[in-house]
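With chain A fixed as given, assemble chain B onto it according to the hints.
2 protein chains.
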Amino acid sequence: MKKLLATALVVTAAATALPAAAQFAKPEDAIKYRQAAFTLMGRHFGSLGAMANGKAPYNAATAASDADVLAAVHMLPFRAFGEGTDLGKTDAKPEIWKEQAKFKQASENMDGEMTKLVAAAKSGSLDQLKAAFGPTAKTCKACHDHFRKD
Amino acid sequence: MKKLLATALVVTAAATALPAAAQFAKPEDAIKYRQAAFTLMGRHFGSLGAMANGKAPYNAATAASDADVLAAVHMLPFRAFGEGTDLGKTDAKPEIWKEQAKFKQASENMDGEMTKLVAAAKSGSLDQLKAAFGPTAKTCKACHDHFRKD
Numbered sequence: 001m002k003k004l005l006a007t008a009l010v011v012t013a014a015a016t017a018l019p020a021a022a023q024f025a026k027p028e029d030a031i032k033y034r035q036a037a038f039t040l041m042g043r044h045f046g047s048l049g050a051m052a053n054g055k056a057p058y059n060a061a062t063a064a065s066d067a068d069v070l071a072a073v074h075m076l077p078f079r080a081f082g083e084g085t086d087l088g089k090t091d092a093k094p095e096i097w098k099e100q101a102k103f104k105q106a107s108e109n110m111d112g113e114m115t116k117l118v119a120a121a122k123s124g125s126l127d128q129l130k131a132a133f134g135p136t137a138k139t140c141k142a143c144h145d146h147f148r149k150d
Numbered sequence: 001m002k003k004l005l006a007t008a009l010v011v012t013a014a015a016t017a018l019p020a021a022a023q024f025a026k027p028e029d030a031i032k033y034r035q036a037a038f039t040l041m042g043r044h045f046g047s048l049g050a051m052a053n054g055k056a057p058y059n060a061a062t063a064a065s066d067a068d069v070l071a072a073v074h075m076l077p078f079r080a081f082g083e084g085t086d087l088g089k090t091d092a093k094p095e096i097w098k099e100q101a102k103f104k105q106a107s108e109n110m111d112g113e114m115t116k117l118v119a120a121a122k123s124g125s126l127d128q129l130k131a132a133f134g135p136t137a138k139t140c141k142a143c144h145d146h147f148r149k150d
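Protein chains in written order, with this note's numbering: chain A, 1 to 150; chain B, 1 to 150.
Don't read these hints as lab results, they were simulated from the structure.
Please note that a few of the clues may not be correct.
Same chains, same names: a pair is fine if it fits in one copy or spans any two.
[Said to hold, decoys possible] Straight-line distance between alpha carbons at most 30 Å, and here's what the computed DSSO-like set of lysine-lysine pairs gives:
hint, residue 1, residue 2
1, 26, 149
2, 26, 89
3, 141, 26
4, 26, 130
5, 26, 102
This is chain A alone, in the form it adopts within the complex (with noise of 0.2 Å):
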């Protein structure tokens, strides 16, 4: 198990270094991919939210279950919005290719929202989730208002 923690440490440390676009075979692929990992993130994401909001009982191992999915697929849709991927069955707005930086910054708003709820998630402490929800929600929108077609 130490050795396990261990290489978790390592494999943390790596993650940071990967490139932000990997390869894809087609750009269907990639929206495939982006729309897959989005589609995770909402339902967990709103598993905790419907906790931190009060419409479901909370319950620690589900938030702490919903944390762990959010914590390794939040930033995965940020891998597949390259080249040739704005067009297609996609609800991508042109401003991401047109903004590029605003867009790199608005994922790392929602990375650092998210990472914080993670931690609070994983905490067993309702009254944390509650704290940390809103603002993640916040970056979520943000991105969406701006990034996403309505």
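Only chain B this time, still in chain A's reference frame:
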């Protein structure tokens, strides 16, 4: 960091206590969710396979990152095969609901091999990755052959 790791252990233990089937508002939500999880699995499993089979250069950081995603998502689909999710836009075969014990066993076989693959992919050793990839792929294929439409 120590606290984070301790939390990770608690989370791992808690995740195994989660119910197999989560609640979805509509059957199509469950179908979309499990397909999203499979999309991410396919992508990151494929990435490990390309490295294991010499079709892509081995990169320990990429392998570890793939492993992180696989660890988080590989059992998610099995929360989403509840009643009423056999119809609609799905390649799931009726056998899933007719042979539930067999389907569960197939998911557990995959879980077992995937857990080994995740460890191998985080080990930094291409040889370990190669050794673990094939047996995992076999559990994917066994389930697809019997429970997924062509």
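A quick look at each hint next to the structure:
no., hint, in the structure
1, 26 <-> 149, "both (22 Å within a copy, 24 Å between copies)"
2, 26 <-> 89, "both (13 Å within a copy, 22 Å between copies)"
3, 141 <-> 26, "both (29 Å within a copy, 24 Å between copies)"
4, 26 <-> 130, "between (40 Å within a copy, 27 Å between copies)"
5, 26 <-> 102, "within (25 Å within a copy, 36 Å between copies)"
Of the numbered hints stated above, none is contradicted by the structure.
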